[in-house]
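Q: One line per chain: the protein sequences are A and B, in this order.
Under the numbering used here, think of the first position of the first sequence as 141, with each following residue one higher.
Under the numbering used here, think of the first position of the second sequence as 4, with each following residue one higher.
Since the hints were made in silico from the structure, they are not lab data.
Fair warning: there could be bad hints in the mix.
[As the list claims (entries may be wrong)] Straight-line C-alpha distance at most 25 Å; calculated DSS-like pairs for lysine-lysine:
hint, chain 1, residue 1, chain 2, residue 2
1, A, K223, B, K28
2, A, K200, A, K186
3, B, K75, A, K200
[Unchecked claim] Estimated spans, in silico, between C-beta atoms of each pair:
hint, chain 1, residue 1, chain 2, residue 2, range
4, A, K223, B, K339, 26 to 32 Å
5, A, K223, B, R290, 37 to 43 Å
6, A, Y232, B, K323, 52 to 58 Å
7, B, G330, A, T221, 17 to 23 Å
8, A, T243, B, R331, 26 to 32 Å
9, B, H281, A, K186, 34 to 40 Å
10, B, G189, A, D166, 27 to 33 Å
11, A, K223, B, G315, 37 to 43 Å
12, A, D252, B, A274, 55 to 61 Å
13, A, T149, B, A274, 25 to 31 Å
14, A, A262, B, E104, 32 to 38 Å
15, B, A284, A, D230, 48 to 54 Å
16, B, A288, A, A254, 55 to 61 Å
17, A, D234, B, G315, 46 to 52 Å
Backbone N, C-alpha and C define an ideal beta-carbon position, used for all residues, glycine too.
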Amino acid sequence: MAERRYTKTYEWVIVDGKTVTVGITDFAQSQLGDVVFLELPSPGRKLAVRESFGVVESVKAASDLYSPVAGRVTAVNEKLTAKPELINSDPYGDGWIMKVELTGDLPADLLDEAEYKKVAEAGAS
Amino acid sequence: MVGFGGWELPQQYTSIRDEHLAVRKAAGLFDISHMGRLVVEGAGAESYLQGLLTNDLASLAPGHAIYTLMCKEDGGAIDDLVVYREAADRFLVVVNAANREKDTAWMRRHMPAGVSMNDHTEDMSLIAFQGPRAHALLPRGSSTTDDIAYFAFRPGKIAGVAALISRTGYTGEDGFELFIESGRVGDVWDAILSHGKAEGVLPAGLGARDATRLEAALRLYGNDMDETVNPYEAGLGWTVKLGKGDFIGRDALAKVKESGPRRNLIGLQTAPGDIPRHGAAVSNAGRRAGVVTSGTHSFFLGHPIALALMEGPSLRVGEKVTVEVRGREAQAEVVKLPFYRGSARSAVAPAKS
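Using the sequences and the accompanying hints, generate a full structural model.
A: And the structure:
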C-alpha cells in the first residue's frame, strides 16, 4: 500500500495511481471530539486544491473540510452517514472520507510522516 | 482541556458520547470544583439573603437546599445559584465559576453588620456523582443516603471520608453533589471510580455535563441568560416569590409578571446533522424572531436539541420555525421542556413555570 501523506491542515491522502483517498488525521479527530455528522460532496463534483468540500460537525463545533488535491470526486464513504463516529475510532481506515480522481499534479507541499508529526506536535502545544 | 470561568476543565476524559451515556444509564463522576462556594453566616443572614434572592428561604429548613436567582434592580439576572441552609443562621451558597467575583462584590456591597461571608472555593472541593444508579454504586465506607430527599443534604462519609452529601445535580438524574475537604477529595474520586468501574461508571467532563444539563433543560448562565434576561423570560418565574417581602428587583419583576415577559425561552428539535449553535438566528414565518442560547447533538435522544430565546409570546409545542445552521436555514420544531426527564425526582423544576 502506498504511503500516507499529510497536509498542514490535518488531512491525509493515500495516492494510488490517479486515485487519491482522503481523510482527516488522528490529531484532527482528537481535536474535534466526538463527530456526530458529516456533510459530504456529491460524486462527480470537481474540487480545487484547498477548496472546502464538506463539513464535519462534532459536539463542539462545525469545521470545514479542505481538499488536499485537485480532482473529481469519485466516491464518498457512505458508512459515515450512519456511523460518523468512525472518524474518531478509525481515522486512517474505515473513517476515510472520499476518493478523488486527480485532474492535475499532486501539490508539492504534501508532508511525509516525519514532517507531519512536527506540525501536529506544534499544534498540540 | 478548555478554559471555563477562569478554570481549566477537561472537555472529556475519554469520549463525550460514552460519558454522556454513562450518566444516563449508570453514573458519571464530575469534578465541579470550579463552582464558587461561599459560606454566609450571622444573626441577620436569612433576612440578608432574602433581600438579595428571588426565591423564599423562610420556609427552607436546615438540611435543605433551594435553587434561586439573584437579580439587579431592573430584574436582570446576576446569577443563578443554589443555597444550602446548614443551620438557622448559616448558609452555603454555590455560584457559577465565571460569576464568583461579580457575585461576591455584589453581595458584600449589600451586606449588613452582623453577617459575614467566607469563600471556601479553594479549601472545599465539589464533585458530582450523577446517574440512575449513583445511589446504588456509592463505594464501601459511605453513609446511607436512602433517607436524603431530593434537594436535601447531610454531613456523612463517602468512602470513609467526611463529606457533605447533597442530593442535587445538574444532569436531570438522581445522584449527589459531594462537598469534601480539598486534601481528601482525590481519595473519594478514586474510590468511586474504582468501585463503579465494572458497572459502567466513568469520569465525565464538561462536554457530558453540558449535554446532560441541556437535555434536562437546566439553564446555563452566560448562555441561556445574563444580566439582560429576567427570570420570567428564562422560564424561571417559579423561582420568583413576589409575596415573600421586598428583595432587589422585586418591583421590576412584578411589572414583568403583570404584563407578561417580552421574550420566552423555548425548546427546539432539529434533524440529525442540523446542530443549532449558540448565537444562531431563529426565524418564524420568514421573520427573525429569536436566537439560539444553547444547542448540541443529543447522543441519548439521537438528534440535536436547542434552547432559544424568542421575541413575543411563547410558541406552541409542534410549531415549526427555522434556525440558521452552517449559513443556511434548517427546519426546527418547538418541543416540550425538558427534552428528557431523568431519574431525578424534581423539586427544582416543576412542570409548570
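Q: Work down the list of hints and note, for each, if the structure agrees.
A: The hints, checked one at a time:
no.	hint	result
1	A:K223 <-> B:K28	holds (21 Å)
2	A:K200 <-> A:K186	violated (29 Å)
3	B:K75 <-> A:K200	violated (32 Å)
4	A:K223 <-> B:K339: 26 to 32 Å	holds (30 Å)
5	A:K223 <-> B:R290: 37 to 43 Å	holds (38 Å)
6	A:Y232 <-> B:K323: 52 to 58 Å	violated (41 Å)
7	B:G330 <-> A:T221: 17 to 23 Å	holds (21 Å)
8	A:T243 <-> B:R331: 26 to 32 Å	holds (28 Å)
9	B:H281 <-> A:K186: 34 to 40 Å	holds (35 Å)
10	B:G189 <-> A:D166: 27 to 33 Å	holds (31 Å)
11	A:K223 <-> B:G315: 37 to 43 Å	holds (41 Å)
12	A:D252 <-> B:A274: 55 to 61 Å	violated (41 Å)
13	A:T149 <-> B:A274: 25 to 31 Å	holds (29 Å)
14	A:A262 <-> B:E104: 32 to 38 Å	holds (35 Å)
15	B:A284 <-> A:D230: 48 to 54 Å	violated (37 Å)
16	B:A288 <-> A:A254: 55 to 61 Å	holds (57 Å)
17	A:D234 <-> B:G315: 46 to 52 Å	holds (48 Å)
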